[in-house]
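Enquirer: Just so you know, the protein sequences line up as chains L and W, in that order.
Under the numbering used here, think of the first position of the first sequence as 1, with each following residue one higher.
Under the numbering used here, think of the first position of the second sequence as 217, with each following residue one higher.
Hints are computed from structural coordinates only; laboratory data are not their basis.
Hints are not guaranteed to be accurate.
Claimed, not checked - What the simulated footprint calls covered on chain W by chain L, stretch by stretch (three residues with Cβ under 8 Å from a Cβ of chain L suffice, anywhere in the stretch; the number is not a length):
id, region
1, 224 to 237
2, 279 to 292
As the list claims (entries may be wrong) - Distance windows between CB atoms, simulated:
id, chain 1, residue 1, chain 2, residue 2, range
3, L, Tyr113, W, Phe237, 26 to 36 Å
4, L, Ser95, W, Ala226, 36 to 46 Å
5, L, Met64, W, Gly305, 36 to 46 Å
6, L, Arg88, W, Arg367, 54 to 64 Å
Claimed, not checked - Partial chain W-side listing against chain L, Cβ under 8 Å, derived:
id, residue
7, Leu243
8, Val246
9, Phe247
10, Gly250
11, Asp251
12, Gly254
For clarity, every value in this text was computed on a predicted model and none was experimentally measured.
Don't be surprised by glycine CBs; every beta carbon is placed ideally from N, CA and C.
Okay, here's what each chain looks like letter by letter:
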Amino acid sequence: MAAPRTPSAKPSPGDPPALWDPVVRLTHWGIAVSVLVNAALDEGGSLLHVSLGWLVMALLLLRMVWGVLGPGEARFSAFPPNPLAALRHLRQLVSGRVRQYPSHNPAGAIMAYAFWACLAVVTVTGLVMTGGATPMQVADEKAAVASGDWSALIKESDGESSDEENSLRHTAEEVHEVVANLLLILAALHVAGVFVEARAMRRNLVAPMVLGQRRK
Amino acid sequence: MSASPDILSAGRRQTAALSVFLVVQTLGTVFFVGDVIGDLREDPTSMHFIFEAVVTAALVLGILFGTFALRRTIELLRAQDQALQVARGALSDVIDRQFQAWALTPAERDVGFLALKGLDVAEIAELRGAAQGTVRAQLTRIYSKAGVSGRAQFAAFFVEDLLGEGVPDSAPQAAQ
Numbered sequence: 001m002a003a004p005r006t007p008s009a010k011p012s013p014g015d016p017p018a019l020w021d022p023v024v025r026l027t028h029w030g031i032a033v034s035v036l037v038n039a040a041l042d043e044g045g046s047l048l049h050v051s052l053g054w055l056v057m058a059l060l061l062l063r064m065v066w067g068v069l070g071p072g073e074a075r076f077s078a079f080p081p082n083p084l085a086a087l088r089h090l091r092q093l094v095s096g097r098v099r100q101y102p103s104h105n106p107a108g109a110i111m112a113y114a115f116w117a118c119l120a121v122v123t124v125t126g127l128v129m130t131g132g133a134t135p136m137q138v139a140d141e142k143a144a145v146a147s148g149d150w151s152a153l154i155k156e157s158d159g160e161s162s163d164e165e166n167s168l169r170h171t172a173e174e175v176h177e178v179v180a181n182l183l184l185i186l187a188a189l190h191v192a193g194v195f196v197e198a199r200a201m202r203r204n205l206v207a208p209m210v211l212g213q214r215r216k
Numbered sequence: 217m218s219a220s221p222d223i224l225s226a227g228r229r230q231t232a233a234l235s236v237f238l239v240v241q242t243l244g245t246v247f248f249v250g251d252v253i254g255d256l257r258e259d260p261t262s263m264h265f266i267f268e269a270v271v272t273a274a275l276v277l278g279i280l281f282g283t284f285a286l287r288r289t290i291e292l293l294r295a296q297d298q299a300l301q302v303a304r305g306a307l308s309d310v311i312d313r314q315f316q317a318w319a320l321t322p323a324e325r326d327v328g329f330l331a332l333k334g335l336d337v338a339e340i341a342e343l344r345g346a347a348q349g350t351v352r353a354q355l356t357r358i359y360s361k362a363g364v365s366g367r368a369q370f371a372a373f374f375v376e377d378l379l380g381e382g383v384p385d386s387a388p389q390a391a392q
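Produce the entire structure from the sequences given, and follow the hints as far as they go.
Expert: Have a look at this one:
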């Protein structure tokens with residue numbers, strides 16, 4: 001009857017958020033863009049690559065703090081890692097009947113933890129490869145080398161750095177590359193998962209991560 | 217639907233700005249921590265290191281407090297939004313019940329709602345695809361069923377309850 005009233009879309013507490021909070025959104029997109037740029041566009045070891053690596057580390061740390069101190073659906077306790085529940089959810093997805101969860105669904109939660117573990121490994125191995133140099137130090141070194149002072153390079157490769165350290169760096173490099181590729185595979189799976197879930201749940205899952213539904 | 221989305225979007229802008237600030241702060245702190253760890257490897261007893269370590273600890277604490285404050289702000293905004301939804305629902309329930317009590321027809325209810333929302337006769341007629349004369353006649357019937365003199369009293373019927381009893385006492389004093 002009362003047509004003129006705005007449809008009061010009352011969110012029940014069991015529904016996923018209509019809009020993720022700004023910290024979740026900022027860390028999500030900041031990490032997504034940084035990972036894609038570092039994987040596809042820039043050169044490993046370049047100033048941009050190292051800077052973005054540090055940015056990812058900062059965003060990851062902030063998200064970890066937010067996972068403890070943040071509001072309800074951003075907290076780890078809202079989506080504990082539970083592989084059994086994840087499998088159950090995937091089975092429901094196949095049969096087309098999915099439950100609504102107040103935060104990430106169990107499969108999405110596993111995906112989030114896998115992302116964070118990979119990101120942590122990639123940043124730590126990256127730090128090992130650069131010897132923990134901050135982007136400022138990398139920039140200084142590059143400027144020194146560019147101006148003809150090669151001592152910065154010699155320091156890295158002279159006899160002082162032991163074989164052990166060299167092999168550690170070598171291992172770190174291998175792990176860095178493998179896990180970085182794994183990250184890209186996870187990202188592809190994540191995008192596919194969002195599409196499948198959105199169809200099964202008949203609900204736009206991208207909007208809450210961008211600006212939410214525009215209210216008229 | 218006029219004032220509330222503004223409050224909400226202003227709150228959203230505020231929390232978004234706070235979040236951006238928090239990200240920048242975290243970035244700076246991470247660089248600082250990296251620098252301090254570098255110094256730690258060189259000379260952990262120097263004044264320079266101790267000073268930097270204290271500053272960095274303060275930065276980390278700042279982030280934790282900032283995070284906590286932001287969480288509180290977000291939760292407060294949500295609580296306000298929910299209270300507003302509840303109030304809105306309650307008001308429209310009251311209106312619904314009153315319309316039923318007056319035995320308005322479905323068409324009259326629609327017109328009544330639109331009139332309460334502040335639309336004039338021409339706008340209501342256009343929305344409902346009806347002639348202005350029809351709408352005017354419906355409004356007249358609504359007013360007579362409700363026993364009010366016109367639109368102002370009709371709207372006041374629902375606002376009156378929200379105002380409480382403050383008016384009769386304070387109005388004469390204010391007038392003098």
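Enquirer: Could you see if the CB distance from L:Tyr113 to W:Phe237 stays within 26 to 36 Å?
Expert: Since the Cβ atoms of L:Tyr113 and W:Phe237 sit about 27 Å apart, the hinted range of 26 to 36 Å holds.
Enquirer: Range first: 36 to 46 Å. Now tell me if the beta carbons of L:Met64 and W:Gly305 are that far apart.
Expert: Distance hint for L:Met64, W:Gly305 holds at roughly 38 Å.
Enquirer: Against chain L, is W:Gly254 within 8 Å by beta-carbon distance?
Expert: 6 Å, holds
Enquirer: The hint names W:Asp251 as touching chain L; please verify it with the least Cβ-Cβ distance against 8 Å.
Expert: 6 Å, holds
Enquirer: Just tell me: holds or violated, for the beta carbon distance of L:Arg88 and W:Arg367 against 54 to 64 Å?
Expert: Given range 54 to 64 Å: holds, Cβ gap about 58 Å.
Enquirer: Has the region 224 to 237 of chain W got at least three residues whose CB is nearer than 8 Å to a CB belonging to chain L?
Expert: With 6 residues closer than 8 Å to chain L, the region 224 to 237 of chain W meets the three-residue bar; holds.
Enquirer: Is the coverage entry for the region 279 to 292 of chain W by chain L consistent with the three-residue Cβ rule at 8 Å?
Expert: holds (count 8)
Enquirer: Hint check: is the beta carbon of W:Gly250 less than 8 Å from a beta carbon of chain L?
Expert: 5 Å, holds
Enquirer: For the hint 36 to 46 Å, verify it against the beta carbon of L:Ser95 and that of W:Ala226.
Expert: 44 Å, holds
Enquirer: Tell me if the interface restraint on W:Val246 is satisfied: Cβ within less than 8 Å of some Cβ in chain L.
Expert: 4 Å, holds
Enquirer: Do the numbers back the hint for W:Leu243, that is, is its least Cβ distance to chain L under 8 Å?
Expert: W:Leu243 check passes; min Cβ-Cβ to chain L is 4 Å, inside 8 Å.
Enquirer: Please verify that hint: W:Phe247, Cβ, nearest Cβ of chain L, below 8 Å or not.
Expert: Interface hint status for W:Phe247: holds (6 Å vs cutoff 8 Å).
Checked against the numbered hints above, the structure breaks none of them.
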